[in-house]
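2 protein chains.
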Amino acid sequence: MTDVLLRGGHPWRSGAPSLPGAPIAPADVLVRDGRIDRIAPAIEAPGAQVVDVTGQLVLPGLVEAHCHLDKTLYGGPWVPHSADDTLAGRIGNDLGRREELGVPSVARIGALLARMSAAGTTHVRTHTDIDPAAGLRGVEAVREAAAASPVDVRQVAFPQHGVLTNPGTAELLEAALKSGVEAVGGLDPAGIDRDPVRHLDVVFGLAERYGTHLDLHLHDGGSLGGWELELITERTKVLGLGGRVAVSHAYALGQLDDAYLGRLIEGFAEAGVALVTGAVYSFPVPPVKRLRAAGVTVACGHDGIRDLWGPYGSGDMLERAMHVAYRSTFRRDEDIELALEAATFGGARALGLEGYGLGPGDRADLVAVPASGPAEAVVVHPARTLVMKDGVVLHN
Amino acid sequence: MTDVLLRGGHPWRSGAPSLPGAPIAPADVLVRDGRIDRIAPAIEAPGAQVVDVTGQLVLPGLVEAHCHLDKTLYGGPWVPHSADDTLAGRIGNDLGRREELGVPSVARIGALLARMSAAGTTHVRTHTDIDPAAGLRGVEAVREAAAASPVDVRQVAFPQHGVLTNPGTAELLEAALKSGVEAVGGLDPAGIDRDPVRHLDVVFGLAERYGTHLDLHLHDGGSLGGWELELITERTKVLGLGGRVAVSHAYALGQLDDAYLGRLIEGFAEAGVALVTGAVYSFPVPPVKRLRAAGVTVACGHDGIRDLWGPYGSGDMLERAMHVAYRSTFRRDEDIELALEAATFGGARALGLEGYGLGPGDRADLVAVPASGPAEAVVVHPARTLVMKDGVVLHN
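Respectively, the protein sequence lines represent chains A and B. Be aware that the first sequence starts at 1, since it is given in my numbering, and climbs by one per residue. Be aware that the second sequence starts at 1001, since it is given in my numbering, and climbs by one per residue.
Just chain A, same shape as in the assembly:
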């Protein structure tokens, strides 16, 4: 494998952390055997392939921490949305039309992964529908598309249509984990599955037994959502699953009073519960700055991309980070940078990625973007000029 030398870029957060919002000094990055060998000014590397990224911001690979690859219609013709405005309507529409539209489709998933990769995403966590009707077809389709893609794809066995309310689902979740799926999911233990304690029994039980990650969808709002977050935090702590549990969406965190919010956030930090947000539609966005100040991991993801649940989403994680920053009313560079942190290091922590970062020895998953710094990269999200995965230049 030929060495690659990235010449003249500005590597973000390499070595000693720069002050947030401060200009980033230029440095070359030498890549050897799929890892970052050295980051320093004016590296001499005879024989190395030189890639000129002068003046550009160099980032670690972008991490898509919450999407639904199995549902996507990406790359195909426009499909007008056909559900009504209720959650039940969207679930019914999804179930009713997926056959007709050939969902899950290895070709569509592959098209979306190609788009994600071109935009610098190197790691994806995707929630794959598991239910008695579809069985593990989604898991298999995602696995097949991922095998043909440079993107590192990790699946969550996701009970989209309930666990307790959809008999047979728990067994299929277990089968998915046995087959190698990396995480187990959950969905509104109260609002959808109607029995929060038993729902959490099932999904925490599976995560513990199979040593996997757990990532729960929580749309339940207000005090109900807050209470469920308490339950999730308590279990994470008692079971010692810190660092392996994430809650996606968590709209309730944008709706609770300050004091209660503070107690919940302390709990996340202490137990090691991560939050994942996409700032989707007009739903409340968790308080990213406050969560980060408390040391809670915040990750970022699109949620659905061009699917039967909604037509939006581009697959570009810098654009998604823009939505998070914009909806958080972040105007200052150091605040906007928090959204980029969520789309990179935060996602890596939530997913438990090994060797992620911009330091010597880290995997050479790298992205270059023509921006003066993190805030401009998020706000403008220009086309990526370089994408590298495990030391291989994929786009340049």
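Treat the hints as calculated values from the structure; they're not laboratory data. Don't be surprised by glycine CBs; every beta carbon is placed ideally from N, CA and C. Among the clues, some could well be false.
Stated by the list, open to error - Distance ranges between label pairs, derived from CB positions:
| hint | chain 1 | residue 1 | chain 2 | residue 2 | range |
| --- | --- | --- | --- | --- | --- |
| 1 | B | E1266 | A | G55 | 28 to 36 Å |
| 2 | A | A133 | B | D1258 | 37 to 45 Å |
| 3 | B | G1355 | A | D258 | 53 to 61 Å |
| 4 | A | T329 | B | D1258 | 21 to 29 Å |
| 5 | A | T329 | B | G1355 | 50 to 58 Å |
| 6 | A | A383 | B | E1144 | 26 to 34 Å |
| 7 | A | E140 | B | R1035 | 56 to 64 Å |
| 8 | B | R1263 | A | D258 | 27 to 35 Å |
| 9 | A | W227 | B | A1293 | 34 to 42 Å |
| 10 | B | R1035 | A | A133 | 52 to 60 Å |
| 11 | A | R290 | B | T1086 | 17 to 25 Å |
Here the structure of chain A is known, so what remains is to put chain B in place on it, guided by the hints.
Quick look at chain B alone, frame taken from chain A:
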């Protein structure tokens, strides 16, 4: 002037309105002497310049109905945001730094207009700061940049720093109108200017006396904002200014109870008050679908683009329409189309544009975009393949 024939596009809302969400039949568009001459299948036009837009959606020129060209830093180096999180902080920061940064800048305004034009915007309404410190410098800078641009730019004399609270401003507003500025603005008659009735006396008085449009910024929320909307509606009706009055932002409309909201909306429809929204940050978005169902004109604009008030904004009105649709949780094609309507016909009505549209005799301000229909154009907002202003091909 050579005739131009747009071959094979799908003109949106030409002639008889298509059903919202329905596929749009292909038709050629013949342009002669700056106007649309004919729209029909397979037009023969010997000698015409033929532009192939086969399969593409053809739209009328996009209308940016609310921006602040005079404040922009567009096209220059990234400027980190330096205000604190308060409105007073942002106003102070703006006043304090505009000299240092050379705002207003004819070059920066020109760069933004060039970007807007490339993205298909043919008409702009821009709120230009008027205050005793800056005088009419902003008006002159915008005028100079607009004179060198194909974009039709209409200014609003905007009392950004108050009218009553900033003596001398009313006289300057009047001087701006005398110099030919097309509209007078207002700003939070209660929240900022502290005397809503006298504020409205001044700005409605100027609009009446000079026969101009009036476009008021209203950030004041809840029942205060609702009450101010009542005052604005009453005056519009009594003075017979229907069709010439717009309220921008109107966050209160996203915060009021249904019954009161219904009464306000009836009032707008009856009096002829238009609403302008950009769905900015996380602020409440007026109920676009309900406003349109009641026959109220809804227009769309970016608000600030890359300026001392905030770093966001691209100048692309299809992307801005996406924000409006997304924040309105519009998923269905016919709903998403309402956002495009706001960025085109709605803006044209709010600004009082003559000869706007996609019918014979309308001005040939045309945009082609590779999309199957209005919803895809908004959601994906792909690069424009054709922009024409008054029959002249500007980008192709």
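Against the structure, the hints:
| no. | hint | in the structure |
| --- | --- | --- |
| 1 | E1266/B / G55/A: 28 to 36 Å | violated (56 Å) |
| 2 | A133/A / D1258/B: 37 to 45 Å | holds (39 Å) |
| 3 | G1355/B / D258/A: 53 to 61 Å | holds (54 Å) |
| 4 | T329/A / D1258/B: 21 to 29 Å | holds (27 Å) |
| 5 | T329/A / G1355/B: 50 to 58 Å | violated (40 Å) |
| 6 | A383/A / E1144/B: 26 to 34 Å | holds (33 Å) |
| 7 | E140/A / R1035/B: 56 to 64 Å | holds (58 Å) |
| 8 | R1263/B / D258/A: 27 to 35 Å | holds (34 Å) |
| 9 | W227/A / A1293/B: 34 to 42 Å | holds (38 Å) |
| 10 | R1035/B / A133/A: 52 to 60 Å | holds (57 Å) |
| 11 | R290/A / T1086/B: 17 to 25 Å | holds (18 Å) |
Figure legend: structure checked against the earlier numbered hints; hints not met, in rising order: 1 and 5.
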